[in-house]
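Q: Listed below, chain by chain, are the residues.
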Amino acid sequence: MRHLLRRCGFYLVALWASITLNFLIPRLMPGDPTAALMERFQGQNITENTLHAMREQFGISSEPLGVQYVQYLNNLLHGDLGFSITAYATVSSVIAEHLKWTLGLVGVAAVLSFVLGTLLGVIVAWRRGSLLDSILPPALTFFSAIPYFWMALALLYVLGFTLNLFPVSGGYDVLNQVPGWSWDFTFSVIQHAILPALTIVISSIAGWTIGMRNAMLTTLSEDYVLMAQAKGLSENRVMLSYAARNAILPSITGFAMSLGFIVGGSLLTEIVFSYPGIGLTLFKAVVGLDYALTQGIFLVIVVAVLCANFLSELMYTLLDPRVRQARG
Amino acid sequence: MNNNTNVLEVNSICVDYAASNGTVHAVDNVSFTLKRGEVLGLAGESGSGKSTLAYAISRLLRPPALITQGEVLYYQRKSARDLNSMTQHDFKSTPQNAAESSDAIEPVDILKLTQKQLRAFRWQELAMVFQSAMNALNPVLNLEVQMTDVLKAHRPDMSKDERAARAKELLRLVGIAPDRLRSYPHELSGGMRQRSIIAIALALSPEIIIMDEPTTALDVVVQRDILTELLALKDQLGFSIIFITHDLSLLLEIADKVAIMYAGKLVETASSENLSEHALHPYTYGLLHSFPSLHGPRRKMTGIPGSPPDLRAVPPGCPFHPRCHFAFSACKTNVPTLLNTDAQMQQHVACHLYDATLNPAGPPASLAREALPNADSYDYAQGTAMIPVIRKEKLS
Amino acid sequence: MSKSEMDGEYPQDTAVQDKYELLSPVPLPHEQPFDDGIPAVLPVDVTYKAIPVRKRGLLPRLGLWWQATMTTLAANPKMLTGVCILGFFVLVAIFGPLLLRHDPAAFSNDLFQPPSSTHWLGTTQKGEDIFSQVVVGTRASLLVGFVSAVGATALSVFFGMITGYFAGLVDDILSLVMNIFLVIPSLPLAIVLASFIPFKGPGPIIIVLLITSWAWGARVLRSQTLTMRSRDFVQAARAVGETPAHIIFAEILPNEIALVSASFVSTFIYTILADITLEFLGLGDVSVTSWGNILYWAQNDQALLTGGWWLFIPPGLCIALLGAGLAFLNYGIDDLANPRLRKERKPRPVKAAKKEATA
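Protein chains in written order, with the working numbering: chain A, 1 to 328; chain B, 1 to 396; chain C, 1 to 359.
Read the hints as simulated data drawn from the structure, not as lab findings.
Predicted model only: the values in this text are computed from it and were never measured.
To be clear about the criterion: a stretch of chain A counts as covered by chain C if any three or more of its residues have a C-beta under 8 Å from a C-beta of chain C, and this derived list gives those stretches:
(1) 16 to 26
(2) 302 to 308
So the derived label-pair ranges between C-beta atoms look like this:
(3) A:L163 / C:A105: 32 to 40 Å
(4) A:L314 / B:N135: 22 to 30 Å
(5) A:L314 / B:K160: 25 to 33 Å
Here are some, though not all, of the chain B residues that point toward chain A, as calculated from beta-carbon distances under 10 Å:
(6) L118
(7) A120
(8) Q124
(9) L126
(10) M128
(11) N138
(12) V140
(13) L141
(14) Q146
(15) D149
(16) V150
(17) E187
Beta carbons are placed, not taken as given, at the ideal position from N, Cα and C, and that holds for glycine.
Just need the whole structure built from these sequences, with the hints factored in.
A: This is the structure we're talking about:
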């Protein structure tokens, strides 16, 4: 319990650090971002008020940094993340609109990749020296070295464009479907989500498989596995309860750490597939110099990843009884 | 219960390790027998092949180790238990008539069992107690699960409550409070862990328990407790023990029969009294005189000069001959086999000194080095001769 | 060792090169003439003498090092594959641009052509030769990735080992910082940082990559150093009075070389991929020719949906190949360091010889 509380404390500190980082980044950059924006809006009517509002968005105000910081925190507590120039709506509403798409895609794909990958790793390690062991790890390594967005592009081209098996863009069929809880809509969503999900799964599965395989090989040489075999237990039980159960522990820690990477990769996947998640929104914000939206999305991504990390630490504590003792 | 019959017969077993720079004969042509209710002690220096032998008997060897020849015959006990409590996991279908009437039961070669038969055989007939209990217990499962899963695998007819009750009974047998049933291994002390390993070994009341240095990592007080309990359990339940250790003095206390191994070969087997009173092999003699006794007259600790051979390059003939004071020409060329020196006292030794054809003069009266003519000129404090070791060159 | 060397002197120089040689041959019992029944006499004394090794010249030393490397590589097929692939790309980066037919930045009249004999990988919408672009781009991509990786590894070695060695307050603070950087997803952070920096180019990208990739290696090295610092050789060095800097970098670091190499290779993979990603998003200097920029322009000009597969497959394949090569290199280092992972060969019993021996 104490251990969990300590980890909770850490995550709170990390949260605070990322909020502060988010606050400081634009304010510490040299140059005046409003100048760039001004160029974009040349020719349109900009009143002095608009300029002032824009400047405030970038924190170029005359007030001292400390006051700005307090204001920023205050705004955050009220859920006010600023105003998005490109979308002409509050940042919070933009994020709320797009976040669910990303959560659905990334959540499902990441979990699927983890489960499949670790299962494959267990099987490959158990059948060590077999054909599977010689082929699968190098093949998976090759696939995992392919950058996310390239894999996305390749799948898009081959399966979507050339073979026309799957739709090439969007989260659902915008021309024909209306969002709602209908079967047609759900089917359309799933259909549009298959290629992006496939990209994420293929790109990340190798890491799990090889990591699990290596952990299993180390675990299989332990005495307790030998004793389990000596006990005459079935091969399944030895493999799962004795070997895999111990070997999966480093993978769970790894899952937490790699979640950040998966989120990054899914951003690119969304961009390639024009999938309406926050990755695409971030890209559009960056290109459109919409700093408020960029900051807002970054913050949300960080918070999501922190939560996921915390959850996986929780699971680790459940699985490994040694951690439950308070460590000094 | 102790009908003084054999329960295990090991015949000419050889185990090789296929290392990249040559084959290592870890166990070379070893044969011995184990009687019911007997404690057989297996002693030898590190690397003499004792653990390899134990793992070979229970078929727990991992690549690159390979059993190249031999057979391990197991004599199943004929009792009502054979026919009733063995369910479909019967590892050998015992013919009905043979079980009841005759004494001669067809032995089973453990090395030839199929995987399914082997799984049924394991733990039910032969259990193992490993050296480090901390490493032998699964750290993420609690004790109850580890004790009951073997019951579940071998006795599917037992209900959950029966299994829990049996687990508690086993803990009581070894002297652990039953409320520790749900603890995890890291929550137990070293002695308790070792006891729980023994409890798990007793779960199915096996006929043979192989113990691989079970008390080496424990302090002497706990060691004595555990061993006393173990011997009491042995008398109560009637199983045999193969006890592997490098501590010869311990074996002389608890074992009925002692077998000494050197460089993968058995060099001497005898009852513990015979061994302590008159050891026949020079190596055994050296071992016995390597440690001081707590009582008795002070005597010079002699030890054995030299070091055990590299198993990739075992000396020809008798592997001990480079370190042996009594070596003569035949020792360099002929490999000694176990000779029965005294049929009545059951003492076997693999040494040419006792071979009437090779050594007509007969064995020396005493193996003590004090009896040697030039004994005093050898100064043991200076250092001992080194058989040329593999030289290591440190490069920049 | 002779008596004087054993008497209390702590060998300051841990790289003592001595060659030990038996001076007096050992008269073994069985080598002496036998009268059957009379026991042999054991030899009394054997002394060893330290013979200093003769200094080798540079060329023989290089030769030995080459031999050692080749043996290791031959035994380790994964590592060999990785080194070959990496070597190939380095050669292309160094010598490729000198052997080109077309100038990569030249616009030609062959707009948007698929691969042909004149343009091996086709042309872009503006008529630039893609093959030349890929070859020239190798240099930029590898350079940025390499510099960032070296810098990040140096940072992670420094911070990781300092944190691991000085436990206590330093450890608490620095590892907190480390964990925060670890937990914040690096690619979004890199995107945000790169988008906010007003000037574009390889410099800002290197800085961004440094900031986002030092933490992983640092954490790994920290935990390893924590284990090492309670080892005997460190205690001994402390007792002799070595400075902490010497202990960390001259005593502990050589033991962690495998870890540092693996960390460097992983970081290299990450920096190359991240660099390409950032350039793909247009956050790098789009006027420089690099793999990521080729993809950026391809995406910008909607190459994919107009069927121009030759615009994005070559750079992607290069990246995939290089990444795979580096990953294999990493697995090779893993195998080297952890013998349990090496390929197992099933032993075959030598039955015939056995039967003879026991006859």
